[in-house]
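Asker: Sequence:
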Amino acid sequence: MEIVVAEESDGVRLTVLTDGVAPAASLVPTEELPARVAELEAASHPRWVWSDTAATYARLLRAGVRVERCFDLRLCRTILRRALDAPPPSDLWDGAEEPEDRPDAPPTLFATFTLPAEEVLAERLRQREAVAASAQRGRLATLLAAESAGALIAAEMRHDGLPWSRAAHDRLLTEALGPRPLPGARPPVLEALAEEVRTTLAAPALNPDSGPALLRALHGAGIAVQTTRKWELEHVDHPVVAPLLEYKRLARLHSANGWAWAEEWVRPGPTGAGRERFHPDYVPGGVVTGRWATRGGGALQLPKQVRGAVVADPGWRLVVADVAQLEPRVLAAMARDEAMARAARGGDLYQGLVDQGVIETRAQAKVAMLGALYGATTGPAGELAPRLLRAFPRATAVVEGAAMRGEVGGTVRTWLGRTSPLPPPEWKAVQDRQHEGGATDEDRRRARRLARDWGRFTRNFVVQGTAAEWALCWLADLRARLRVLGGDGGAGRSPHLVFFLHDEVIVHTPAALAEEVAEAVRESAAGAGRLLFGDFPVDFPLDVSLVDTYADAT
DNA sequence: TGGGTGGGCGCG
DNA sequence: AAAGCGCGCCCACCCA
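Numbering-wise, my numbering puts 94 at position 93 of the first sequence, and it's gapless, one number per residue.
Read the hints as simulated data drawn from the structure, not as lab findings. Please note: incorrect hints may appear among the correct ones.
Below 27 Å or equal to it, Euclidean Cα-Cα: the simulated BS3-like pairs (lysine-lysine) are [stated by the list, open to error]:
1) K231 x K249
2) K231 x K367
3) K231 x K305
4) K305 x K367
Construct the entire structure; sequences and hints are all you get.
Answerer: Structure representation (structure tokens):
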């Protein structure tokens, strides 16, 4: 059973869709929605259909109501319109996809945009028909369900937040930077390093935050670097290098994850004093490949430097799990490459390549494999590419084929059917120009370069995108298992997901359940592999840590 | 004064 | 010794 949720001016319209029965609509006053949803959820576990999980579900969560399943029409529409030749038509929904394009839209309590109930219902039916008519309806349906589950999880993780200790964070900052300065000022340690850089370079007025000024000062001191980048400076032998690199490291800590950041993004938690939460704003489907993005807070870039501030509540633990070499494993499975799956059998795919005699050292194996996924053509990765081609012709054919399609302006699909965008019109114009009469060598070089750039994008798209699908299925299955483990306790008493980083999750759990959670995380990973790839024999081994702070995870 | 851009660096 | 994918965010800097 599905229930379609749509805001109208006089309340929220709920439309019950049951197979073989006419849709039944009812109007609920906006303030009574959470109670009504809770009631219907308990009675019939419907799939809730709405246009925007981020808006609607956030409101339910604030009222203490959680649901098991949903269908996010906006996210699914984005997938379908690229995946299908004939995207579902509706001008209304084009506005809905990009609320930021409608700055005049009136703010509402309920959603970033509103549509009449008939239109929401019609969109649901169009999408259902579009999937049913697709040649890959099974995979596409799995993808839409996974994307929607991800939307629920993102909203819940944002609501619950990542357990954070401002005290631990402040200790860590004070140790590295000295006491907190007044707003706008440099912390003492940073100012001392800046002064050391100025003295060493004999540039008394230098602001080391200014790239051009820093480069001039370096040149003035006889240091012949092209840029001020860390990796270039690391190879320079000069007394300024050490303090300058230390300055850069700490300046970034201060600006990106310092005291001001904490004030904006960390808030008191629900369960008592001293238990705070970092509330990142996840954006499911925010990356073309299907990965999540974040908007504000930079949750997906949480530096290792500050992970000591992620601390479980007293009596609770963190279960931290990440997948070892997810992308090459996914490639082996989608290519049905038995030899590569064999090399991936243990916990370390790169060592597996060495053990199979494909490549001599683990370091080389990693470089070669990443090069294959990203499309490296030169350097060590390029030189090792023939080894991979010989050992794993099927896997190589998948990424090479994807690259070739991209180079000619075509699209590619992930395992479940997420489809890459077409290159922009300028790209096509450049490709056309190289064949015209007056085309110069420069035109042709430019066209070749852009073609290869797009080929590297589509090459990586199929692997990164399928890995993102695997991760979504892993998360969704884990969420279901945690709901069973925790009973109906909600985030206050039950294990719940608090962090997700492409191939890594953190569950915050009562200490007594930590072992069971760790087992659930492993079972979900195996389940995700089976759901996507059936009985193809590829492992997805996890590193799982039971810890009090994220910094202690391996 | 505010918006847009590029360098640099954090994450996978 | 360096190149090859996807992001977000901060700062300086440029321009209107």
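Asker: So, for every hint listed, does it hold in this structure?
Answerer: Taking the hints in turn, this is what the structure says about them:
The suggested pairing of K231 with K249 holds, with an alpha-carbon distance near 8 Å, which does not exceed 27 Å. A C-alpha spacing of about 22 Å is found between K231 and K367, which places the hinted pair at or below 27 Å, so the restraint holds. Between K231 and K305 the alpha-carbon distance is near 18 Å, which keeps this suggested pair within the 27 Å criterion. As the CA atoms of K305 and K367 are separated by approximately 22 Å, the hinted pair is consistent with the 27 Å bound.
Checked against the numbered hints above, the structure breaks none of them.
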